[in-house]
Each structure stands twice: as C-alpha cells, then as structure tokens.
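Chemist: Residues per chain, in single letters:
There are 2 protein chains.
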Amino acid sequence: MKAPELPIRVALLGAGIFARNAHLPTLVAHPSVFKLQAIYSRSEASASKVAELVPNDYLHGAPKVYFDQGENVDGERTLDALLSREDVDAVVICLPSATQIKVIQMALKHGKHVLSEKPVATGVQEGLQLVKDYENVLKTRDGGHLIWQVAENWRCEPAVIWASQLFSTLGNGRVRTFALTCYLETKKDNQYVKTGWRTGDGATLPGGFLMDGGVHWIAVLRAVVASAGWRVDRACAFGGLWLDYCAPMDFISGILRLRQGDGSQSETLPSGTVNMCFAASGKPFEISLTVVCESGTLYFQVKPDPIDGTRKYFVWWVAEGGEKVVEKTFGFNGIEEEFRTFAKAILRVPELPNVRNNEYGQGDLSPREALMDVTVIEALLDSAGVDGKPMDVPNMLVL
Amino acid sequence: MKAPELPIRVALLGAGIFARNAHLPTLVAHPSVFKLQAIYSRSEASASKVAELVPNDYLHGAPKVYFDQGENVDGERTLDALLSREDVDAVVICLPSATQIKVIQMALKHGKHVLSEKPVATGVQEGLQLVKDYENVLKTRDGGHLIWQVAENWRCEPAVIWASQLFSTLGNGRVRTFALTCYLETKKDNQYVKTGWRTGDGATLPGGFLMDGGVHWIAVLRAVVASAGWRVDRACAFGGLWLDYCAPMDFISGILRLRQGDGSQSETLPSGTVNMCFAASGKPFEISLTVVCESGTLYFQVKPDPIDGTRKYFVWWVAEGGEKVVEKTFGFNGIEEEFRTFAKAILRVPELPNVRNNEYGQGDLSPREALMDVTVIEALLDSAGVDGKPMDVPNMLVL
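Residue numbers (this note's numbering), protein chains in the order written: chain A, 1 to 399; chain B, 1 to 399.
If we strip away everything but chain A, and leave its shape as in the complex, we get (with noise of 0.2 Å):
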C-alpha cells in the first residue's frame, strides 16, 4: 500500500456532539489536507444533519450521506458500501464506545485507516484485543503502513507537550508527588447526559463520566510522568454517585503509585491523588495537575482565562525555594493538532506542507497508549466497587 496523496480522502462516521462541534468543523477547516468523502450516521436524519454543516463554498463539494436505517436504505448507501469505496483513505469515527470498537475493526479490515475517539474501548480486554488484532494482523498486512490512532486531543495540546518538557528538563524526570484534580458542575440538562448512553439509566459505557472524561486527564499526568519512563503501577479508589443522571459512578477518589516503565527504580516508588467529581457544585470546570519533583514544582491548570473567560491552560513552573520561574498560557489546539498528527503519519512525513509549523511537538496517538488511560481508569473504578482493594495496573504497552 503506498501512501496516499493530499489530500487525504475521509469519511467520517458519526454525528454526535463531538463529530459535529470538533471533527467536521477542523476537517472542512484544512481542505488541502482532507477531503471530506462521506458522512455516515445510523440513521439518514442524523447523517444528513452533520452534511448540512459543511459549508456551500466548500472545495471539495458536498459529501456523501451513508446510514444503516430507515426502510428504503440503498445498498449503495451503507456503512459497508462506504468503507468499500477506493476513494477513501481513511475514516474518522466518532460513534459511542459500546459501538465504535466494531466499528474500527471493520473499517482496518476494509484497509482504512482510522481515527477513532477516545476511550479506546469500554474495558481493557476489549480494548486490547482489538490491539493486537491490529497490530498482529490488520496493520502488517499492507507493509505495516495501516494506520489507527486513537484522537486522546489532550495528549496534543501543546499544553500538555510543554508541561511533559518541563517535567523532563527542569524537573530532570524527578516526581516525588502529584495531584491531579478534576472538578465539574454538572447538570441534569449537560449535552453529554442527554446522549444518553455515557450515563444514566441507559448507559452503555461502564464507568460513565470518569471513563469518558476521565481517560483525557488520566492521559495529561501520564504524558507527563511518561516523559521520564514513569508508569502507573498500583492504583487504590473510593467513589460514589451523587447525581443519578450521571450513573453509574460520578466522583472517584484515588491514588497512584508510579514506578519506572523498564523495572529499574529507586526505592522510594513515587505516588500521587486523584481526585474526580462530575458532581462539584461550585466548581463548573477546573483540571489541576500538580507535579512535586525534586528541584521544583510543575502546575498544569485548566480554567476560565480572567480576563476574556475563555477556557485556558495556564502551565508554569516553581523552582526550590518557592519562586515561579517559567508560565505560558495556551488554548485549546488539541483537535487539530491530533488531525494533524493522524495526516502526517498516513502521510509518511515528518510535517505536513504548507501549514504552520508546530513547536512543541506532537502527542503519542498510538491506541496502547489510550488503552494504557483507560487501564488506570478501569483500575480506580475496580477498587472503588470493593472498598479500596488495591489493584495492580497492568502494563498495557508491552503486554
């Protein structure tokens, strides 16, 4: 299989929150990079909604709506029909978790390459077994150049990059401690309840909003701690629910235990907590990482920008003594930077042509890493059904 040539021929499957706000606006955003093929929904309504919002004057003219409902569905029309067409390269899926995992293995068999969101799968042995069907098999087949990455957009932020090198240079990789906090205010009308199957009576995602959400700042303090080797080890959990809308579980209060990702270690284990409430009245959105190392102290913050109320990630850096010697604040280029990161490695190039270039790097997208988020995840919600048992976190990038 050669590379394809820009622009990258993409369909993309769903129309939830996220396919419409996030993935279609930064597709249609970059037509020298994508084409946008084809939209796919199960049913014709919701598929078409999502076409409706790619603009007239878009260059490469309107895609093609595909669904699996309805009674008249045109064979032609399918979701199989779509992921046979030879003018798509690659699909970006955007479905709910319980549904997406078939869906992805569908989409590597027809030979496409896949962006899918995160969580990788609702569990760890799900998930990895689709890995190492993919790694084992799908991806090998065409020369090893089948690409799936998981969207993990915070693993991209620059944001993120820039606290993992000041983790890594000025903390020299040194964690002694860590906080990682995670507040929101939800309420009974959040557009992430009303879909339904994240939480709730209906919920096919186990863990709900800690899984949903939580995989995403799990994914900012491993990036970080990564960037010296560290891994998560052992993981020990309470939690509860608070809000029924948001069952199965909405707070979770944890703690991990790092060690190094190749066995050698020193003999004091560095370890941290986590702290997750989707229940936090008061607290409509904030995101703390705190980093304790040896020479000083790393803050990674997420909160309203005081002066234009935007959400921001406010990043700096204390050293010994107590004086703040670095800071930058950035937005939110999570998206595009992972559509960005899922083009370049299709494309087989370092950095794509005629865009700007990106100084901070780019976010590690490979699915072990995302399974590795929702490992640790899966770990705290195991310990909080039997009253703080500790559980080992197992390996997942090697196992």
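Careful, some of the hints might be misleading.
Put simply, identical chains are the same to the list, so a pair is met inside one copy or across any two.
As the list claims (entries may be wrong) - Below are the DSSO-like pairs computed for lysine-lysine, each with C-alpha atoms no more than 30 Å apart in a straight line:
| # | residue 1 | residue 2 |
| --- | --- | --- |
| 1 | Lys344 | Lys102 |
| 2 | Lys312 | Lys324 |
| 3 | Lys328 | Lys303 |
| 4 | Lys328 | Lys312 |
| 5 | Lys2 | Lys109 |
| 6 | Lys312 | Lys344 |
| 7 | Lys324 | Lys188 |
| 8 | Lys324 | Lys194 |
| 9 | Lys324 | Lys303 |
| 10 | Lys324 | Lys187 |
| 11 | Lys2 | Lys139 |
| 12 | Lys139 | Lys102 |
No lab work stands behind these hints, which were simulated from the structure alone.
Fit chain B to the given chain A structure using the hints.
Modeler: Frame of chain A, contents of chain B only:
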C-alpha cells in the same frame, strides 16, 4: 476540688522550640489569667534558657527552674518536686512525644490540670490507654473537674472554626468529596529536623513529620466535617521517603472515606484525597483543603499573604455556578485561643473576665479528638506500609 481562682498558677514543662516561641510568650502575655510559677526541662541549662525569656518586668516575678539532670540535682528541684507544689494548679507540657505521655500521667496523678502538646501519643494504643485512665480514674477522683486538654492549636484557629461553620450552614454538611494537600519544603537545617526526635536516625516519633505535622491538618479536615457528624471510616495510602533527614517517611498519598458517626448514612459515602509531602521542592509552605458540597465548595488555604508576606488563613465559599459568596482572611490565633480554652475549662466559666470576646467559638481540645487525629494518620501510615491495603479507622470517640 474547687475551681482555681485567677490567675491560674502554671508550670511550663519543656524547653523546646514551641515552648520557647509559643507557650512561654502566650503565658507571660496574659498575667491576669496565668501566673507562671515554674519551668521544667530535663537539663538545668535548657530550663534556665527558657526562664531567661521571661521579661524582667513580668508581673509575677521570675519562675523557679526545675530539672532532672546534672550532678548536683537538688531534691527540691526535680519534676516530682514541682508537681508536688500546692501552689501550682496546672501544667503546660511541651516535650518530645515519646517522653510526654509519662509526664502527662504523672501530672494528672498529682492532680494538676494538663495542657499537653500534640500528638496526644505516639500511637493509638498508647493514647487510648491513657485517655481511658484519665476518664475512668484520674478525671473523676476530684469530682470530674481535673482537666486534660491537648493543644491542637489548629482546631482553635478562628479560621478553622469559621470554615466549619460555613460547611454546616452554607454547605448543610453535605460533603461530596474533598482534597487536602499539605506541601512543605524541608531543608536539612530546618529547626524541627534539628530536634532529632521527630525525624532522622534517632527519631522516636512513628511517622515523623507526617505524624507531627499531619495531625494538625487532619484536625482541620475533621473539625470541618465533624461539624455535620462525619467521621473518617476507612483509609488507603502509598508513601515513602525522599529526604534521609526526614526519615522514616516524608510523603504520603492517601484517600479517606467518611461515614456518619452515629451510623446513619446515605447509600453514597463521601471520600476524598490527602496528599502530604515534606519534600515538596518549590512549595515552602502550602496547606489547602477543598470541600465540595451539594450546594457549593468550601476553600481553606494557608499561604503567604500576597501583600505583606506573612502566613495567613484564607477561607471562602463558592456557590453553585461558581460565584464566590463569602471570604475572610485570618491571622494565626490558635495558640492564644487554645490557652484561653484551657483556662476557661479550669475556671469552669463560659468566658474569661477582662479579655476580648472571641466571636468564632472554641475548638474541642479533648484528648479523644486529638487521639482521633492520630488514629487517622496511623491508618494512613499503616496502609502505606502494606502497599495501599485499606485500613478501617476505629471511632476513637466512642471506644
């Protein structure tokens, strides 16, 4: 035993940092309440050094010096001789934790009221035995009026009492989760490191700084949540040692679960995180407690005042939606308040005459409360010693 009259005739037992910098100045600053009669230390030199700190114009004259070491110990100047004096009503004890418990017992047996430093004991079993001895025998023999209080000054801080009041009023006591973080950057020449008994090779205090300092901050957490009947029920932790001179352990990452003290409870039990690190490079001194409630979030922070650089308490409440509702800043008043509380208990009066009124109420200095703080720390340390295995936290208030 009838209540002593003003001024209460007091002996100070101990010549360490806190005796010199906190207890002695507080005693001599209130000559209408306390008459400092005597100062005891193991060596004559250290006892005399403290006595020299008493101002020349002290209303009650120079206190007599007592000690138990030296070749020419006068039988009339031993600790036993001091405790036999009929003109001493009360003792303030500020000795190394491992030494202190025997002195507390001696003083109580001599019928002296006791204010002893925290931690109440070096371990739960030792502490519980003394508490029971006190309650069952010592306290009752003079009509139940012999006072023993533990000088947990943080529980007396107006800032802590006001935080408790915010929690039980604006928060209705409905805690969902909490995060307690305590970071200190401990240098090798730290005055408490140099005491030798707290940490390092010669330490006699299990848990070192995590016990010595940790009881303060667990006292804050407990004072706040106990105002609505919550007690700590279960604990898990990881921990270790980064700085040899802070041995045996200088950081701990823990989780605590709460339960209603009377056994009543909702299906969901609140839980939160506790992160204490005395090897926190870049964080000279920073204590923060966040209590997320059903109706908003309580913040309690100790940090340098941005204006004058002095250490202050900042307490505020943020209502649902994120609006800051009330906010107060407090100085450190806990030492003075704990002495006031001790004096009122001895005199059996609701307020002291000729002293300013305290609008915030008083902290509970009972040995059982102090023992409960030790119990929580011990559970965290025990769990950290066995890789995070959960520890049930016994209810020391009723055992």
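Chemist: Evaluate each hint against the coordinates.
Modeler: Status of each hint after checking the structure:
1. Lys344 / Lys102: For Lys344 and Lys102, only the intra-copy Cα distance (25 Å) is at most 30 Å; the inter-copy one is 72 Å.
2. Lys312 / Lys324: Cα proximity of Lys312 and Lys324: in one copy and across copies (19 Å, 20 Å).
3. Lys328 / Lys303: both (14 Å within a copy, 23 Å between copies)
4. Lys328 / Lys312: both (10 Å within a copy, 28 Å between copies)
5. Lys2 / Lys109: Answer is within; shortest intra-copy Cα gap is 17 Å, inter-copy 91 Å.
6. Lys312 / Lys344: within (26 Å within a copy, 52 Å between copies)
7. Lys324 / Lys188: between (40 Å within a copy, 23 Å between copies)
8. Lys324 / Lys194: For Lys324 and Lys194, the Cα distance is within 30 Å only across copies (29 Å; inside one copy 42 Å).
9. Lys324 / Lys303: both (19 Å within a copy, 15 Å between copies)
10. Lys324 / Lys187: between (36 Å within a copy, 19 Å between copies)
11. Lys2 / Lys139: within (14 Å within a copy, 88 Å between copies)
12. Lys139 / Lys102: within (16 Å within a copy, 72 Å between copies)
In this structure, every one of the numbered hints holds.
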